[in-house]
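Go ahead and model the full structure; you've got the sequences and the hints to work with.
Numbers 1 to 200, taken from UniProt numbering, label the letters of the sequence shown in order.
Bear in mind the hints are in silico, worked out from the structure with no lab data behind them. We treat Cβ as the ideally placed atom computed from N, Cα and C, and that holds for glycine. One or more of the hints may lead you astray.
[To be verified] The calculated label-pair distances, taken between Cβ atoms and stated as ranges, are:
(1) 101 / 142: 13 to 21 Å
(2) 142 / 175: 35 to 43 Å
(3) 135 / 164: 18 to 26 Å
(4) 86 / 164: 26 to 34 Å
(5) 80 / 131: 27 to 35 Å
(6) 175 / 101: 19 to 27 Å
(7) 80 / 179: 29 to 37 Å
(8) 189 / 86: 34 to 42 Å
(9) 116 / 80: 19 to 27 Å
(10) 80 / 199: 29 to 37 Å
(11) 142 / 103: 21 to 29 Å
(12) 121 / 199: 32 to 40 Å
(13) 101 / 80: 21 to 29 Å
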Amino acid sequence: MLLRYGGGTGIVVFAGCLGASSNDNEDNDEDTESTVTTTDGGNSSDEFDGEPNEAVDDGSGSDGGSETGNEHDSGDDEVTLAVDDPDSVAELSIVAVDDHDPSAISGRHAIVVVNEGDTREFDVTLERDGNSVLSGSQTLQDETVLEIGVSEPGTYETDIETDGIDAETAISVTESDCSESRTEMRFGDGGIETQTAISC
Numbered sequence: 001m002l003l004r005y006g007g008g009t010g011i012v013v014f015a016g017c018l019g020a021s022s023n024d025n026e027d028n029d030e031d032t033e034s035t036v037t038t039t040d041g042g043n044s045s046d047e048f049d050g051e052p053n054e055a056v057d058d059g060s061g062s063d064g065g066s067e068t069g070n071e072h073d074s075g076d077d078e079v080t081l082a083v084d085d086p087d088s089v090a091e092l093s094i095v096a097v098d099d100h101d102p103s104a105i106s107g108r109h110a111i112v113v114v115n116e117g118d119t120r121e122f123d124v125t126l127e128r129d130g131n132s133v134l135s136g137s138q139t140l141q142d143e144t145v146l147e148i149g150v151s152e153p154g155t156y157e158t159d160i161e162t163d164g165i166d167a168e169t170a171i172s173v174t175e176s177d178c179s180e181s182r183t184e185m186r187f188g189d190g191g192i193e194t195q196t197a198i199s200c
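Here it is in structure tokens:
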């Protein structure tokens with residue numbers, strides 16, 4: 001069974017996806033989805049070249065003047081995370097909420113951070129089998145999404161910290177082809193909502 005959890009204020013969620021974990025002994029497919037909200041006080045290309053994607057054309061006729069990250073309509077956001085394991089990253093970009101399409105993200109599993117409220121600054125770490133994939137501080141303007149596509153099999157642990165709130169999630173990614181495999185971490189009032197959806 002696939003193990004994942006959303007952390008914060010001691011809340012842990014276990015959910016399974018058949019055929020997506022090394023200790024899975026079932027033959028049937030299963031769709032899974034779960035949501036956890038932490039509260040205050042809780043602690044593209046097919047190959048990634050090591051650089052975040054180029055700026056998104058917002059229709060304004062301006063290229064945004066950035067060569068280091070995708071930008072939403074205001075042109076203020078760029079990816080500022082350090083990539084420690086480029087082989088594990090298939091996609092890394094920031095897009096407007098209206099342009100966000102989880103099914104279009106490259107890789108075996110998508111990890112997305114959604115901000116539909118005020119500008120957020122947060123620390124994020126992503127590890128695969130205990131080794132750093134990417135880390136650093138990131139700012140998301142309102143109505144923007146950080147998109148991360150991971151390509152290598154392994155257990156991925158994502159941790160986000162902002163304003164005294166900590167949210168964690170873990171998922172095992174295998175070589176199985178899944179029609180949908182994504183983890184969404186969404187900023188909300190007083191917490192971070194974590195949702196994982198898998199269909200294999």
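Now for the hints, and whether the structure bears them out:
no.	hint	result
1	101 / 142: 13 to 21 Å	19 Å, holds
2	142 / 175: 35 to 43 Å	37 Å, holds
3	135 / 164: 18 to 26 Å	19 Å, holds
4	86 / 164: 26 to 34 Å	32 Å, holds
5	80 / 131: 27 to 35 Å	21 Å, violated
6	175 / 101: 19 to 27 Å	24 Å, holds
7	80 / 179: 29 to 37 Å	32 Å, holds
8	189 / 86: 34 to 42 Å	36 Å, holds
9	116 / 80: 19 to 27 Å	20 Å, holds
10	80 / 199: 29 to 37 Å	32 Å, holds
11	142 / 103: 21 to 29 Å	24 Å, holds
12	121 / 199: 32 to 40 Å	33 Å, holds
13	101 / 80: 21 to 29 Å	23 Å, holds
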